[in-house]
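For the sequence shown, the numbering used here begins at 633 and goes up steadily by one.
Any given hint might turn out to be false.
[What the hints assert, rightly or not] Cut-off 27 Å, straight-line C-alpha distance, at most; resulting in silico cross-link-like pairs (DSS-like, lysine-lysine):
{"id": "1", "residue 1": "Lys701", "residue 2": "Lys775"}
{"id": "2", "residue 1": "Lys668", "residue 2": "Lys654"}
{"id": "3", "residue 1": "Lys701", "residue 2": "Lys644"}
{"id": "4", "residue 1": "Lys695", "residue 2": "Lys644"}
{"id": "5", "residue 1": "Lys667", "residue 2": "Lys640"}
{"id": "6", "residue 1": "Lys689", "residue 2": "Lys643"}
{"id": "7", "residue 1": "Lys701", "residue 2": "Lys689"}
{"id": "8", "residue 1": "Lys643", "residue 2": "Lys668"}
{"id": "9", "residue 1": "Lys644", "residue 2": "Lys654"}
{"id": "10", "residue 1": "Lys701", "residue 2": "Lys654"}
{"id": "11", "residue 1": "Lys654", "residue 2": "Lys667"}
{"id": "12", "residue 1": "Lys701", "residue 2": "Lys640"}
{"id": "13", "residue 1": "Lys775", "residue 2": "Lys695"}
{"id": "14", "residue 1": "Lys780", "residue 2": "Lys701"}
{"id": "15", "residue 1": "Lys643", "residue 2": "Lys654"}
{"id": "16", "residue 1": "Lys668", "residue 2": "Lys701"}
{"id": "17", "residue 1": "Lys695", "residue 2": "Lys643"}
{"id": "18", "residue 1": "Lys654", "residue 2": "Lys640"}
Hint data in this document are derived by calculation from the structure and do not stem from the laboratory.
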Amino acid sequence: LGHKLDDKAWKKAHPDERQAAKSIVLAVMYGAGTKKVAVMVREAVRQGIDGRIRAEKDPRTRKDLEATKAAFRFTDEDALRVNARVEERFPRIFNYRDFLTRQYEARGHIRNSFGRLLYLAYADKTYTLLNAMVQSSAADMLKEATIKCEAALREVGLDARLIFSIH
């Protein structure tokens, strides 16, 4: 987190760390507890290393990767420190997450970014609410873009139609 290398170079040089960082941020953002974050990070890093081992041709490098995998440790204490750091670094995400929870508890629904009401059959608080907000807003954004695309095609006089989009 916070490296000076350009993004592509860092991703290539540190695929396991990048995967762990993504797992951490998403897990913390969606409200996973310390133990869950620790498990997710360990699993993400081990899967990343397994993929590199499968792709590696050189037996010595494979052996080094196996040793790295065996030596990797990410404890609950590590997860606790990281959780605190992510919340410290990105407080607005957590404020928004708490806002959604309060809205749902007070009204029995939330509104996505486009104003559409979301009544959820179940809301296990954080994950369901935040995920519903993100997914429904993205779906509405795609619908709006599709409508605008059709209008833009007609406006410039192209004899073309949007047939489908891929999520």
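Okay, which hints does this one fail, numbers in order?
When the structure is compared with the hints, numbers 1, 5, 13, 14 turn out to be violated.
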